[in-house]
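J.: Spelled out, the chains give:
2 protein chains.
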Amino acid sequence: MFKLTFLGTSSGVPTKNRNVTALALQTSLNRDWWLVDCGEATQHRLQHIALTVHDLAGICITHIHGDHSYGLPGLLASAAMTGRKRPLILIAPLAVKAWLDATILHTELFLPFPLIHVDVASEQLVHQESGLSIERHHLSHRAPSVGFRFAVETSKWKLDSAALRARGVPSGPLWGKLQAGQDVVLDDGSVLAAADFRVADVQRAVAVIGGDNDNPALLAEACAGAQVLVHESTYTEAILQKVGPGPTHSSVQRVAQFAAEIGLPNLILTHFSARYDNPQGMAELEAEARLHYAGTLFLAEDFASYELDAGGVLRKLSAQ
Amino acid sequence: MFKLTFLGTSSGVPTKNRNVTALALQTSLNRDWWLVDCGEATQHRLQHIALTVHDLAGICITHIHGDHSYGLPGLLASAAMTGRKRPLILIAPLAVKAWLDATILHTELFLPFPLIHVDVASEQLVHQESGLSIERHHLSHRAPSVGFRFAVETSKWKLDSAALRARGVPSGPLWGKLQAGQDVVLDDGSVLAAADFRVADVQRAVAVIGGDNDNPALLAEACAGAQVLVHESTYTEAILQKVGPGPTHSSVQRVAQFAAEIGLPNLILTHFSARYDNPQGMAELEAEARLHYAGTLFLAEDFASYELDAGGVLRKLSAQ
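In order, the protein sequences belong to chains A and B. Each residue of the first sequence is one higher than the last, beginning at 1 in the numbering used here. Each residue of the second sequence is one higher than the last, beginning at 1 in the numbering used here.
Be a bit skeptical, because a hint or two may be false.
Identical chains blur together in the list; that is why a pair holds if it fits in one copy or across any two.
Here are the simulated lysine to any residue pairs, SDA-like style, with alpha carbons at most 25 Å apart [claimed, not checked]: (1) K242 x E108; (2) K242 x T82; (3) K85 x L317; (4) K16 x H54; (5) K85 x A143.
In short, the hints are calculated from the structure, not lab data.
Bound conformation, chain A alone (with noise of 0.2 Å):
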């Protein structure tokens, strides 16, 4: 149902082995992808994926400093130099706008594809199309910070292939026929309805990717239905301590006993400070997740895929 891949999980500065902030989001409707955060260097690491900028159908940013939102022009001015035509929807805050105009201004950039700007401090569905929606919610940092709330719908039809058996349709072109939504005669004359005999089999999956935040159950409605949370977690609870609340971020302890408490099935936590950046630091963040939350857990990586499947379990994909 989603595929989140990680371009940057480093907090602040970029890490020899972490980049700063970037996420990429499919979804199983189509070829097109999201990016939410767009930290300095994130087209260089599209060069090492599988992802092209030509089938980015938006960009999400939850807030506006720099390490969420300085890869933005160089990315714009790559898609512009490789023929981009399709528009482009950049859901984010007022000022990513305000300066993303005063760069296309100073720096001479020209855009040949429209850049569709959603306001976040407008409506709460940001975005809505087939089998997509987006919506914002707000969040606790010291710049004004969202968290975008992704839910996905599929729908196909299902045969109701007992109700078939029992009418003594053997399975075979017919069946296909039916699924297809066309009805059919048998040879006995008879007409059997396609509408009589499939049903539509609905698959939905909400993923919750949020921005820099130092209060988590400010996504709590977000959650709601949600199969996975994606939360930064800088520090441990012992650091955040010493460091105060002036960097109003989250830490580990925070964002699990919120998901513990929500019940939810799947977190992920990224966005960690430089300082973790080494085996010893990362066993430290998940020994803290593990104390307070039970469900699937993943400290992101950079260039790691996690795949929400229909059944809402969580996997990881190799790092590519």
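Fit chain B to the known structure of chain A by using the hints.
T.: Same frame as chain A, now just chain B:
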């Protein structure tokens, strides 16, 4: 005298092997270094070499285009986040400063160090300090573009050892005192004036770093007395003819002919179109250069360093 380390050698868009333009310039004067152009992800490149942003004295930007400037906000933000307090010189077109001001305003970027802007449109001598001067020279490109002439001068006292031996002074501690500028008294009571037995040994070198430019001859004045020129050569002449004059770039032929005409001893070509980022492509560029230029020639590679010694010889150091 100079060490040039290429952090990006691709024109317009990054490739897997080559980032967009940036060049680190070190001199034999001190630990300071200078950055010429700052394409996106320059800060990421710096994580893989021995230079730190804390020893960065200044940044020279040749022109506003994104592939030469989009790394600035992230580099400055990371310098701020990792505690830089030292003032930073920014020698750049006014448009770069205007864009950075807009970036600081819209993206809540706080710089805890002074950023001292020197407008390249003002005077030719854009920077001068003990042993180092930097001039800008106007070029021809679709956006206003300049090249930078770095002139370095080191001076140390050299003893006139022949004269000392003729005077009957054996080598030893007295020589050290004379070299340090102290007059000395011999056992026989006679006085040797340091000024009579030492001469200043002055070494000079000039490196010219061009910006985007379709007319290398504009650097004739800058190259007077220069040992090395770094210049863009985006295409072969055949492709440049095919592409037309719109991009206002140089071909390899154009640059090589200019270097030959002025008798320049060392030439480094860079800023290659992504189409040449393969062994055949680079061989094609090199062959065209060799047709016209017989001096020391290098086609720049990312992470490669080139060292110019006091004798005017340019050597490639191993890629890091």
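J.: Run every hint past the structure and note whether it holds.
T.: Checked hints:
no. : hint        : verdict
1   : K242 x E108 : between (44 Å within a copy, 24 Å between copies)
2   : K242 x T82  : between (47 Å within a copy, 18 Å between copies)
3   : K85 x L317  : neither (32 Å within a copy, 43 Å between copies)
4   : K16 x H54   : between (28 Å within a copy, 18 Å between copies)
5   : K85 x A143  : between (33 Å within a copy, 24 Å between copies)
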